[in-house]
Structures are given as structure tokens and as C-alpha cells.
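Spelled out from the first residue to the last, the chains are:
2 protein chains.
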Amino acid sequence: MRISKNEVRAKLIKTALGQIEADLVIKNAQILNVFTDEIISGDVAVQSGWVAGVGVYTKAKKTIDAGGMYLVPGFINAHCHVESSISSPKYYSAAELRHGVTTIIADPHELANVAGAEGIRYLLNSLKDMQIDCYVQAASCVPATAYETSGAVLDADALAKLLQEPGVIGLGEMMNYKGILDCDSDILDKLSAAQGHIIDGHAPGLMGRELSGYAAAGIHTDHESVLFDEALEKIRAGIAVLIREGSTAKNLSEIVSGLVKHNIKTELIAFCSDDKHWAEIYREGTVRSNIQKAIALGLKPETAYAMGTLNAARIYRLWDIGAIAPGYRADMVLISDFEKATVEQVFKDGIAQDKEHMPPEQKQKTLKNTVNLPPIDVSTFALPTCLNGEYPVIKTVAGQIITQKGSIKPQDVSHAIESGKLCKLAVIERHKKTGNVGVALLEGYGIRNGAVASTMAHDSHNLIIAGDNDADMVKAAEEIKRIHGGFLLVQGGEVRASLPLPIYGLMTESPPSEFLTAHEKLLGLLYEAGVSHDIDPLLTLSFLALPVIPEIRLTDKGVFDVLSSKFID
Amino acid sequence: MRISKNEVRAKLIKTALGQIEADLVIKNAQILNVFTDEIISGDVAVQSGWVAGVGVYTKAKKTIDAGGMYLVPGFINAHCHVESSISSPKYYSAAELRHGVTTIIADPHELANVAGAEGIRYLLNSLKDMQIDCYVQAASCVPATAYETSGAVLDADALAKLLQEPGVIGLGEMMNYKGILDCDSDILDKLSAAQGHIIDGHAPGLMGRELSGYAAAGIHTDHESVLFDEALEKIRAGIAVLIREGSTAKNLSEIVSGLVKHNIKTELIAFCSDDKHWAEIYREGTVRSNIQKAIALGLKPETAYAMGTLNAARIYRLWDIGAIAPGYRADMVLISDFEKATVEQVFKDGIAQDKEHMPPEQKQKTLKNTVNLPPIDVSTFALPTCLNGEYPVIKTVAGQIITQKGSIKPQDVSHAIESGKLCKLAVIERHKKTGNVGVALLEGYGIRNGAVASTMAHDSHNLIIAGDNDADMVKAAEEIKRIHGGFLLVQGGEVRASLPLPIYGLMTESPPSEFLTAHEKLLGLLYEAGVSHDIDPLLTLSFLALPVIPEIRLTDKGVFDVLSSKFID
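These protein sequence lines map, in sequence, to chains C and R. Start counting the first sequence at 1; every next residue gets the next number (the working numbering). Start counting the second sequence at 1; every next residue gets the next number (the working numbering).
Just to be clear, a hint being listed does not mean it is correct.
[Claimed, not checked] Taking beta-carbon pairs under 10 Å as the criterion, some of the chain R residues facing chain C (in silico):
| # | residue |
| --- | --- |
| 1 | I13 |
| 2 | V34 |
| 3 | V51 |
| 4 | P143 |
| 5 | Y147 |
| 6 | R209 |
| 7 | G238 |
| 8 | V260 |
| 9 | H262 |
Just so you know, the hints here were simulated from the structure itself, not pulled from any lab data. Backbone N, C-alpha and C define an ideal beta-carbon position, used for all residues, glycine too.
One chain only, chain C, in its complex shape (with noise of 0.2 Å):
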């Protein structure tokens, strides 16, 4: 998108002084220049999809009034997984547009979980079907542990590689800040590899000594910050902070009240959604709702939008984004009432876009399948031979994702599991048939005479059932296979709802209005069949898997005690 003919460089220059025609000049707007914090009156002339001039311009093919409305740069979504909404990138695309975002910073650490570099490339090809820019950060740790089988390996040669292909920009979150911290070659390998781009962070709680060595290595980002005085520390050490504001985690206003309470400078604060559903962003968009939420906070208002465009802009070394002026791209919004930040008008490139404009929904393409699985029957649900005297429990938190430990001894587990306090979790490997299982307890979970299926099990996306009953598993396992991916339910032998997620077993081509319906259906179903209110039946499903989130989680290698980093026998 840079400018590179003569030919657009002379256009600009001459719409600027006004002597040729611009393709559309916006006539008698507020303008918030981000560089200055100034709300300036005037018009902005657009020429090949570039701002051209800022100041008074009438010449243009096509002219717009603004009616004194704001009109501030296109938002930048600094850091998200378009897994997440597990709509295809072109739904997610229009989903975000319509709240003012122009770009994203995509980690498509999901689909390289599962495919690797082409998962990677699945986005890269996606582009061209999105209405909005997105940059692509190579996803730095797949497998995101040894402790679980991931459908890929990406080692540094082949970051290095990514690194190379149009659209990458640098490398993705960096979760392995252990690896860092022990120096392990492999690790450091990577950033060696990616030395001159953007290096994504992902170090929850990291502060002290641990987060300077985080930071000597060479870590650029991060998004996890929780309280203020992490977010404080990360930036005291060039870290720059990305508050996210997701379906789950949310951080945004513990963050930003600290900022507004303490006056810190934000050149290095931007705002990411990290994980964030689909009908979320649709009712309420990601960047905008954090800037409003901000500006409720207390945040100056310039400060905020600054942060959803310019900050995240020069973070992430995109030059001719973030701000309107002359040689940034013309990527714009039109806002009513500033401090909410109601999006009225999204110009992407310089053009108006219909923000409810739905892409049509096109020939499903061929499926990429890839759930492999071994032979199953009950015996795959068995529980492993008890060592210990005591089996663990894995027990879910309400509202939240993080796990505690729990135990119970072999000979309450039927009564266990009759009464509805436990239930059986599996964790299948679904990549490489390696047969891998992992069979475990789990309490706070809830359902009842029936499974739950998912093949979005973070981070490697195995298959992940829960279930009460033997059968009912097997039968979730066999439909999970036959649609090649997906959420789904099982009871009495039966599959009562699924949404079928055959873009490698994480996402769907369909349109919005097909998968949300099939999702709340679904969820109504699962709270019918006893899943608990107090927690997400999928969203929580699909982490019990990730073994870098305290306090224990379940793999296809088995029971995993995050905090000792140990599998438990």
C-alpha cells in the first residue's frame, strides 16, 4: 500500500496545492489531529486512496459534509486472533469495520497451532476478502508447549522464512517467557531469526528481574497486563502495553484508571481485543468500545483515540497509518458524539464504506480437514490406572479461566460422576493419529447425560470432550469426525446441536447469521443439559487444555500441574 509511482506521489502533491481534482474531499469536519491532541476545523482531500491536504479544499470529484461531525484516523486493532470469532476472515473483517477498525494485528496462532505455515497462509490468502488491512504476525510458539502433541512445528527456519512473505510483519506472542528466561537455544533462535521486526509479547504477571530479562531479549509488546503497576512496569521497561479489552479477559479499566490517576505518558499504550467473539465485535466493535470505556474513565479523549490509531501505528512501525495527514493512507472515521465514539461513517482507502454491508456468502470452499483420529470406542474414555492413591481433579472457576486442584479418591469417582459433581474430560490428538489420550476429572462443569465436544482446545486444538457418559462420547468423537470439526453436543446417543468449523477445525465460512444462530442454540442446549451459568460451556471447554494457565489442565499426554510444570502421574 506505500506509496511507490511517481505517478500517485504527483497526484497527491497536486490535489494538495489544489490543482487537480481530489477524488473526494470531506467538507466542514472536526479533525483530530493526533500529533498535535488538536481538534482542528477544516476539510480533508483524498487522492487514490491517500490523504492529500488537511485545510480548506473544494476541487473533488465527489464531496461529503461532515456537518461539523469529529473525524478522526481509522482504528487499529493492535493485537488479535481472528480465530477467536471463529468466523472466516472476511466475516471478521466486516464485523470490525463496521466499529471504525481499518486494520488488525492478526496472530494466526490457532490455525499454525494446527497447520503451520499454511494455517499461516490460510490468512495471508484470506486478505484479499477483507475490507480492512491486516498485518500478520508469525506465531512464535507452536507448539505453545512440549507438553501437549500441536498439529505443527514453526522453528526459527521457518519463521524466518514467514518473516520474508508480504504481510508478515514480525513475530507473535512470545508465551514461552520461561524459555526465555533459561535461555534455551530454540527460543533464542527465534528472536534471532525475527532480530528487526516487532517482537510480540506474552508475559502475564511478569515483573522485577524476570521482566527486565524478558525485555533484554528482546520483547516489544505485550497484553496481559492485569493491574496497573504491571502495565507500569512493562512500560518503564520499553515494553509497550496493549490493554485488552476481550470476551474474557478484560483489563481495560483497571489499566486506564491507573493512567488517568497517575498522568503516566502513552505514546506505548495501545488497545488490542486479543480474543473476542464475533457477535461481540458486531454489537459493539473492539478499539472503539475500549476508547469510549476509556474516556468514561476519565482519559482524555485525544489520548484515547491516540491510542486506538497513532500509538499503535508507530508500535507497530506501520508508517502511513494511524493519523490523517497528508501522505497517510485515507483511512478514516466519522464520529458523532466524540466521547462515546459513535461511529457514523467508515472511510477505508478514502472510500465510504456501508458499514452494514454483510460480504456475500459464497460457495462453501473445499474443506480443509483436519481431524485425524485414532480408532474409538469406551475404552478410549477409560481412566488411567490410579498411582497415587488420590485421582486429580481438575475444577473450573467461575468467570474465570484459571483452574484449581482438586483430588478424589478411585472409589468415590462413579458415585462422583452419577451425582453430577464430576464429570470425565478427554483430551484426543487429532492431528497425526498418534492415539494419544488424556483422560481426566473434571468438577464445576455440569453436564448431564451427555458430551461435549470441541476441536478448539488451546492452544493445540486437539479434540476436547467432556461427558458423563462413555457412549455419549464415543458418539461426540465420531460426529466431531464426520463434520470434520467443530462444537457439538451429544445426549442419549444423539447429536442434539453442532456448528460444524471445517477451516481446520477452528473456524466457518458461513455467514454470521448461520453459525451465531447454530451457536445459541447450542448454548442454550448446553445450559439445558446442565452445564453451570457461572461459566462459558465452549470458551471454557476449549482453554481446559492450555497448559500455561494455572493451576492444572488436561493434554493429550495426560494431567498437566501447570505451577510445577509436571505432569501428574
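Following the hints, put chain R in place on chain C, whose structure we already have.
What follows is chain R alone, placed relative to chain C:
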């Protein structure tokens, strides 16, 4: 200087964690954090030239107690011409280091105008002799204009090649703003060749639509703002403002006062010296004295320091300098009086420097003789035939480098010269022996019974001679040829004093003690010889040939009217 080896990275991480000894720990410092504008008490651990950790550190091969003094990042001079110091890069570096500058962005525009890419490579080859880091901007305007004969031409292809060389980071000041606004294809080719690099501007007084056009062309910086409103408009257009405080052009007071009054965001503002004499740099520094002046004008000290450090680094996309944080280069300055920016100790790459150290004199290198003159006699200095009834007169202006246009009838010339009101000015092409000579009349300079000569004559650096008699002007040219360029004064056929500048006729490799003495002696004699005390005899002379500064100039091609861009018959 990047961290590219796992071994170094691992050492940094281990030092940060306190697992291994730091090379140096600076204890008990008040550390300025430019990311947050905080001053934090603590220690800095240095490893292999990098900051490994900021916090509490004890394990060290060497410990320095800061005794509660302030520790700030090494200063960055965002734009300078080393040539203006007339010293070699080695001694220039020593003067800058003395006052805390650890990095300069240099535009070897003068060297390039004399010797093209070879001149730029002279600076690149000198980097090894410099104690500070120097990043080079490839001179964009060689020649500066079509109205003069320079020693070399750098076209878009030559610049593209230079931009591939290590140490070259962008395109030097694009002074030809008219060429940009006229969409000259040669100029646009140069901008395209530098796409993706930082491109310096030079646009004195440019505002409104013309400024939009200049910014839209892709210009990133400007150091020519004189008025606050002008600086503000440039920042609004996304052009970084490098506040200049040189030997003659002093813009800090005006711009900083405006910043203080209007409380403008300063991310896009840095400090530079542009052209500053060696003795002044040695006496007061560049960035250091700017910080002191800015604070005295009411700028928040933390903001002033950020302008002298982080802001410049970010503007020039230098990611590992400008802050004291893990993974940043250990370039630091110990300051006793924060508001006065009193430098007590300078650390470059983590090593305490002897700031009073002057590099030892080395055997004078082979002269780079670039003085290539045609045969010269008194006829060389004959005024051209008067075609319009009057001769144009170039009038100097007290304390400024602008000139004013006057005129005189041919019959009055002899008397005006005899009375000392006027003298002659000649510019003789000295690169290619073309035989081009421009001769004109000069008012306000004041030389009596003699001639002053200089091979530093912006920007083509031809031989410029001012004198009131042709015989001394001939002698001056002969002596310039003999010493291979420099400054000198001839009176009554005798060379009264000279300062040879054998490096391209611009610089000397002599130690400062030597060339400063020669310079002082020469200046004294020049004033004695009648040169007005309202001007700098050598500096004013050197600018009389620069056809981009209003109102009237002399090049080797004739008398030039800057405002109408035309030669005057």
C-alpha cells in the same frame, strides 16, 4: 550494534536475572525513564555494552556509585553536518561526546557536493575513528540547484546504491521543495528510491497547501522552522520538527516558548544543531545546551530530555537507543544538576568515557586535493558587461544569512569600491576546471586593501573570493590552490593568515588546538582588514553562493535572484 547472537542475548538475560556478573553496575542513581517521564531510584546493570536490567543489582565486575545523581539516556543530535565544524569526524565526535551526545544523525551534504558518493564514504570510513555512533543520511540534493556547478551529481540510482550501504539510514534533507511541488521527475525518483527509509526535509517557511504537498510527497522531518506556528503546522502534517540551535540559526527559544504556552504534544519533536562550530560544540555541547535552554524556558525537564533522546531515536527508527531500559544500548549520561543538564560522566556502550580526552593526532593523511582551478589573472575578476543600465548589488544583512538586492550604476562602481562601500565578489568553479566564474558587487562586507577566499561556499563549495582589488584576489586564488583549499586573507600581495582545509576543501585533520588558533588569528585579521563586525567574515562569505536562500546570490554561473529563480543579466 544489534543483538544478533544468542550468546549475547543469553548473557543479557542472565545478567538481568542476577545470575551472572554485570560488566558494570551503576548504583544509587536517579534514573530518568523516558517512556513514563518518571525518575526512579535504582541501579543499572550493563552487560556487553547493553543495559541488561534496571532495579537492584550488585553482582558486577565494576561498580560505580552515582551518589544520587541523575542518569539519563545518551543524547542524540538529530541532524548535523559534521563539515560545518571544519574538524575531522574524529575530533567532531570528541566535542559532542564531551557533552553527552552518544549518537548523531549526520548529513554529509557538503562532502557529497564536492565528491559525491566518495565524499559520503569518507564519512562512513571515519565512523571507526569516532567515539560516538553516527548514522548517515544520503545527501539528496547534489547539486543543490541547477544554478551552480557542484563537484558531483547524485541521482536516484546513486542514492539507491548508497541506501544499501551499512550506516546509511535514509535520505538527507530534501531542500529542493520547489522541485517536489513542481513534481520534477528527478526529484520524485529520488523519493521513490528512498521509499521505506526516513526522508529529511528542509522547507523554511513552508505552510498551508504547499506544506501539505511537501508532506504528501513523503517527507518525514524538517529542521528549518523559525516560528512556532510554522513548527506547529509541520507537526500537524506529521512532519517531525527538529528544533535547530546552531552557530547562526537559533530557533529554540521561539519554538519552545510556543510549546510551553500551548502545551503541545512533543512526540514528534527533537533537537539538532544543523551547522555548529567546533569550538561552540566543545564549549557548550549541542543537545545538552538545548535541553538546558528548553528547561529554562519552562519546558518540563522530562519532556526536554525526551526530545534530546527517545524522540530522536523514534523519529529516525533507531529502536535500541534513546532510553535506559533492558535491551537498549548502554549509552548514558550522569547529570548533577538536572535542570542545567550538567554532564558529569558519559557512558558509551557501557564504558565510562574520559570526556576531556582528545584523540591523538595522527600523521596527516594524503591530501584529498579537490581544488582544480583554471588559469587565473586579473581579467578573471572583471565585472561582466552591464546590460540593463545597472549592476545588481548583493547586500549582507547584519546577523543573518539572508541577503538583500541593491543596484548601482556602472559609473559609480569605482568610487564605491574605493570608498569601501562595495567590494567585488567572485565564485570560481573549482571542481572540474570548467572555467566558470561569476563576478558581482558586494555591499556590507567591508574588506579593505585585500581579499578573503574560501573553498567552503555552500552548497557547491566552489572557490569564493571577496576583495577590493583584483591583484590580491588573484594571489588569494593562487594560494588556495597551493594549500588545496581552506580559508585565507591576502593583503598587499601577501598571505596574512590561512587555515588550510585539505579534506575536500572543507575540513582539516589537524587537532582543534591548531585549527582553532589559526581560525582565531584569521578572524582577528579579517576584522582588522575592515570586515564588518555585524557579520561572521567566513560564515557569511560561505553562504553568499547558496542560491536557495533569499534574496540574491552569486554562483559560478552568475548573479542569481532567488525569489524569481532567475539569473540577473
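Query - Which numbered hints fail - result: 4, 5, 8
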